[in-house]
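Heads up: the protein sequence lines correspond to chains A and B, in order.
Residues in the first sequence are numbered from 1 upward in steps of one, following our numbering.
Residues in the second sequence are numbered from 173 upward in steps of one, following our numbering.
Derived from the structure by calculation, the hints contain no laboratory data.
Here the structure is a predicted model, which is why all the values come from computation and not from measurement.
The C-beta atom is built at its ideal place from N, Cα and C for all residues, glycine as well.
Worth double-checking, as some hints may not be accurate.
In silico DSS-like cross-links for lysine-lysine, where the CA-CA straight-line distance does not exceed 30 angstroms [to be verified]: (1) B:LYS269 x B:LYS455; (2) B:LYS486 x B:LYS176; (3) A:LYS8 x B:LYS410; (4) A:LYS135 x B:LYS339; (5) B:LYS289 x A:LYS135; (6) B:LYS244 x B:LYS492; (7) A:LYS135 x B:LYS410; (8) B:LYS177 x B:LYS289; (9) B:LYS374 x B:LYS430; (10) B:LYS176 x B:LYS269; (11) B:LYS649 x A:LYS2; (12) B:LYS455 x B:LYS410; (13) A:LYS8 x A:LYS104; (14) B:LYS339 x A:LYS104; (15) B:LYS339 x B:LYS455; (16) A:LYS135 x B:LYS378; (17) A:LYS8 x B:LYS649.
Partner residues aside, some chain B positions facing chain A, computed with beta carbon under 7 angstroms [what the hints assert, rightly or not]: (18) GLY359; (19) VAL525; (20) LEU597; (21) MET616; (22) GLU633.
Stretch by stretch, here's where chain A covers chain B in the computed footprint (C-beta under 8 angstroms, at least three residues) [what the hints assert, rightly or not]: (23) 526-538; (24) 551-561; (25) 642-649.
Each chain, letter by letter, is given below.
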Amino acid sequence: MKYFLESKSGRTFEVEVNELADEAMSVTIDGREISADFIDVDRRGQYAAVLDWCSFAASIEETDEQHLTVNIAGESFEMTAYDERERAAQSVAGQGPPKAELIKASMPGLIISLSTEVGAVLQAGESVAVLEAMKMQNEVCCQNDGVVVEVLVAVGDNVEANQPLIRLAPPQ
Amino acid sequence: MTIKKILIANRGEIAVRIQRSCRDLGIETVAIYSEADRNALHVRYANQAYPLGGNTPAESYLRSDLIIQIAKQSGADAIHPGFGFLAENGQFADDVKAAGLQFIGPTAAAMAIMGDKLASRSAMIEAGVPVVPGSIDAVADADEARSQADEMGYPVMLKASAGGGGKGIRVVHAAGEIEAAFNTASGEAQSAFGDGRMYVEKFVVKPRHIEIQILADRHGNVVHFGERECSIQRRHQKLIEEAPSPVIDEATREAMGKAAVEAATAVNYESAGTVEFLWSEGKFYFLEMNTRIQVEHGITEEVYSVDLIAEMIKIAQGDKVDHLSGRHPRGHAIEVRLNAEDPENNFMPSLGVIDNLRWPGGPGVRIDSGIYPLMEVTPYYDSMLAKLIAYGCDREQARRRMLRMLQELHVGGVKTSAGIALNVLQSTEFIEGNYDTGFLERYMEEERHHGIGDEAPDDLEEIAAIVAAMHRQRAGKRRTVSSATNSANSWVTATRREQHARGH
Chain A
1 MKYFLESKSG RTFEVEVNEL ADEAMSVTID GREISADFID VDRRGQYAAV LDWCSFAASI
61 EETDEQHLTV NIAGESFEMT AYDERERAAQ SVAGQGPPKA ELIKASMPGL IISLSTEVGA
121 VLQAGESVAV LEAMKMQNEV CCQNDGVVVE VLVAVGDNVE ANQPLIRLAP PQ
Chain B
173 MTIKKILIAN RGEIAVRIQR SCRDLGIETV AIYSEADRNA LHVRYANQAY PLGGNTPAES
233 YLRSDLIIQI AKQSGADAIH PGFGFLAENG QFADDVKAAG LQFIGPTAAA MAIMGDKLAS
293 RSAMIEAGVP VVPGSIDAVA DADEARSQAD EMGYPVMLKA SAGGGGKGIR VVHAAGEIEA
353 AFNTASGEAQ SAFGDGRMYV EKFVVKPRHI EIQILADRHG NVVHFGEREC SIQRRHQKLI
413 EEAPSPVIDE ATREAMGKAA VEAATAVNYE SAGTVEFLWS EGKFYFLEMN TRIQVEHGIT
473 EEVYSVDLIA EMIKIAQGDK VDHLSGRHPR GHAIEVRLNA EDPENNFMPS LGVIDNLRWP
533 GGPGVRIDSG IYPLMEVTPY YDSMLAKLIA YGCDREQARR RMLRMLQELH VGGVKTSAGI
593 ALNVLQSTEF IEGNYDTGFL ERYMEEERHH GIGDEAPDDL EEIAAIVAAM HRQRAGKRRT
653 VSSATNSANS WVTATRREQH ARGH
């Protein structure tokens, strides 16, 4: 199977992976073939990779199948990874009409203040609430322009990570 | 008297650290815990453990009356407050003593003077300890602040008398800015500390934060243990500390040590304490005294071969410290604070379950930690997970060992400060020892333009891409072979589900 990867720094990679006997694999990256041995060490996210006889202790954390962070030797690399089918589906989906946005809590915490109300017109980056966790106060900001159609929480509420706080409609 | 059992009024890493010294001394320990901390290491390592109920500090580790009651019920002779929570609460120290127990820390009187910036400043001026030029008393209003600032020359600092943690502090570069800065800083201090009094201080250009560790006994002996360099910090939160400082020679060390001893003597100090100085261009100025054991005490312990927590306990028993005087630092130690935070996202706290943990080992490695696999990092307490300490014969060996530690370390499930520390330790400024308290923020600003991870060799990013592809290939195969096959994530999911069922 072929995979298309993009790192947070913007570099892209095309990697083809073919499984061989045991744990061995054959990997082609950007047209270059290398030998690979890849073992799940603890079934908890630690992997032992040997690539052309160079050894790496890697660990992987997944947000979902396509979004993962690979840690090697103390360095972290956030990656998006699509296989051939997903990539084809993506290019078909293309660009639709702007969608309503849900502003979500970035972490669990306590709503200290809300600085918006239904009907307010917001600009991307505008602060809408202050969330407190670990004795630190953090601003919650909207990502896109929009109009507030619903405020889903109140000051004093304890919220979970990713809990929707505010519903935005696309700007008129 | 002899202390046989200590209640530790704290949690996490420092509670475990204190327990270890107690164990070394043959002293029993009593732990207290909030609901969120039922499974914590400090509970499991203790001889006795009592629940406080609740989760927030106010519901748990700040309940001084309940804590003293538990200490008496458990038969403890003394209470060690650690740092944070009740450590610098003079009323608590007095209440502990009134209950017939030893408080392992300074007196309420010393805390009161050193806890007030103006009172400590005038006490230091009287004792002959150098201070930053500035006003002796709080200024009445913005106008008085301006006339004082005009006199000492800009830039100046406006500081809240009751300030701490970076709140109520403003740098003012010109007379025109002073009124707005005064009003916001004073308002901030009023709401944060209930005290809006402000004073004016000369702004020290490119200062380094260098502090002296002292121990003082009840018999008037005060001993210093040299300096810690703590300039790698951001918004007054330290990230990397080292001992000794790359800029302090033996003569300066003795001069600063003498000033710290005089500072402690001036307030009849007892127990462990730290006198913080600003150092700039060969001059040093008293900043404040921290009347507690500090997070970064471990690097001093490494280079001075001393157990500061054990000495605190002995001091509370009435022992003397004079036999510890005249020591010199040997080798070099570097500490990295491992915090659950996301340096790429403005150091926002990172919460979650620690679903994987791999500690470094080998020569020169010390880890003071309170974390364990499957621990949940909750929003209730501060974000420090552990302290990594590297010891070497010299600075470069210590630095190399810390790099090795950070490369071997893996903490899964939450983001940590390990990556940014790894980058800073490889920066030219750190390698040359040429940095000040503004370094980390400047460094982060540059990183924001270039992107964190730029310094990693390019092929490491390529390796990461290959690993990600191989991982997806395996995961895809696993899903097709058997949807019921267990994986790392289902274990974590199960844990989260279990926590959910318990009402978290």
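Okay, the hints, checked on the actual structure:
1. Annotation: proposed proximity of LYS269 (chain B) to LYS455 (chain B) is violated, straight-line Cα distance about 40 angstroms (limit 30 angstroms).
2. Between LYS486 (chain B) and LYS176 (chain B) the CA atoms are separated by roughly 11 angstroms; this keeps the pair inside 30 angstroms, and the hint holds.
3. Distance check on the hinted pair: LYS8 (chain A) and LYS410 (chain B) sit about 27 angstroms apart at the alpha-carbon level, within 30 angstroms; holds.
4. This hinted pair checks out: LYS135 (chain A) and LYS339 (chain B) have alpha carbons roughly 13 angstroms apart, not beyond 30 angstroms.
5. Only pairs whose Cα atoms come within 30 angstroms are accepted, and LYS289 (chain B) paired with LYS135 (chain A) is accepted, the gap being roughly 23 angstroms.
6. Of the supplied pair hints, the one linking LYS244 (chain B) and LYS492 (chain B) holds, its CA atoms being roughly 27 angstroms apart against a limit of 30 angstroms.
7. Between LYS135 (chain A) and LYS410 (chain B), the direct Cα distance comes to roughly 16 angstroms. Compliance with the 30 angstroms bound is thereby established for this hinted pair.
8. At most 30 angstroms may separate the alpha-carbon atoms for a hinted pair to count; LYS177 (chain B) and LYS289 (chain B) exceed this at roughly 35 angstroms.
9. About 24 angstroms separates the Cα atoms of LYS374 (chain B) and LYS430 (chain B), which keeps this hinted pair within 30 angstroms; it holds.
10. Taking the CA atoms of LYS176 (chain B) and LYS269 (chain B), the gap is about 17 angstroms. The hint holds against a cut of 30 angstroms.
11. This hinted pair checks out: LYS649 (chain B) and LYS2 (chain A) have alpha carbons roughly 14 angstroms apart, not beyond 30 angstroms.
12. For the hint linking LYS455 (chain B) to LYS410 (chain B), the alpha-carbon distance of about 22 angstroms falls within 30 angstroms, and the restraint holds.
13. The straight-line distance between the Cα atoms of LYS8 (chain A) and LYS104 (chain A) is roughly 22 angstroms, inside the 30 angstroms bound, and the hint therefore holds.
14. Simply put, LYS339 (chain B) and LYS104 (chain A) have alpha-carbon atoms about 28 angstroms apart, close enough for the 30 angstroms limit, and the pair holds.
15. With a C-alpha separation of about 26 angstroms, the suggested pairing of LYS339 (chain B) with LYS455 (chain B) holds against the 30 angstroms cut-off.
16. Restraint check: the Cα-Cα separation between LYS135 (chain A) and LYS378 (chain B) comes to about 28 angstroms, which is no more than 30 angstroms; the hinted pair holds.
17. Restraint check for LYS8 (chain A) and LYS649 (chain B): the C-alpha separation of about 26 angstroms stays at or below 30 angstroms, so the hint holds.
18. Hint status for GLY359 (chain B) relative to chain A: violated, with the closest Cβ pair at about 16 angstroms, above 7 angstroms.
19. The beta carbon of VAL525 (chain B) is not positioned within 7 angstroms of any beta carbon in chain A (closest approach about 11 angstroms), and the interface hint is therefore violated.
20. For LEU597 (chain B), the interface hint is violated, since its Cβ never comes within 7 angstroms of a Cβ in chain A; the closest pair sits about 10 angstroms apart.
21. Violation of the interface hint for MET616 (chain B) is found here, the shortest Cβ-Cβ separation to chain A being roughly 16 angstroms, above the 7 angstroms cut-off.
22. Contact between GLU633 (chain B) and chain A, as hinted, is supported at the beta carbon level, the nearest pair being about 6 angstroms apart and thus within 7 angstroms.
23. Taking a C-beta to C-beta cut-off of 8 angstroms, the stretch 526-538 of chain B contributes 3 residues in contact with chain A, enough for the three needed, and the coverage statement holds.
24. Look at the stretch 551-561 of chain B against chain A: 5 of its residues bring a Cβ nearer than 8 angstroms to a Cβ of that chain, three or more, so the hint holds.
25. Three residues within the 8 angstroms Cβ limit are the bar, and the stretch 642-649 of chain B against chain A gives 8, so the coverage statement holds.
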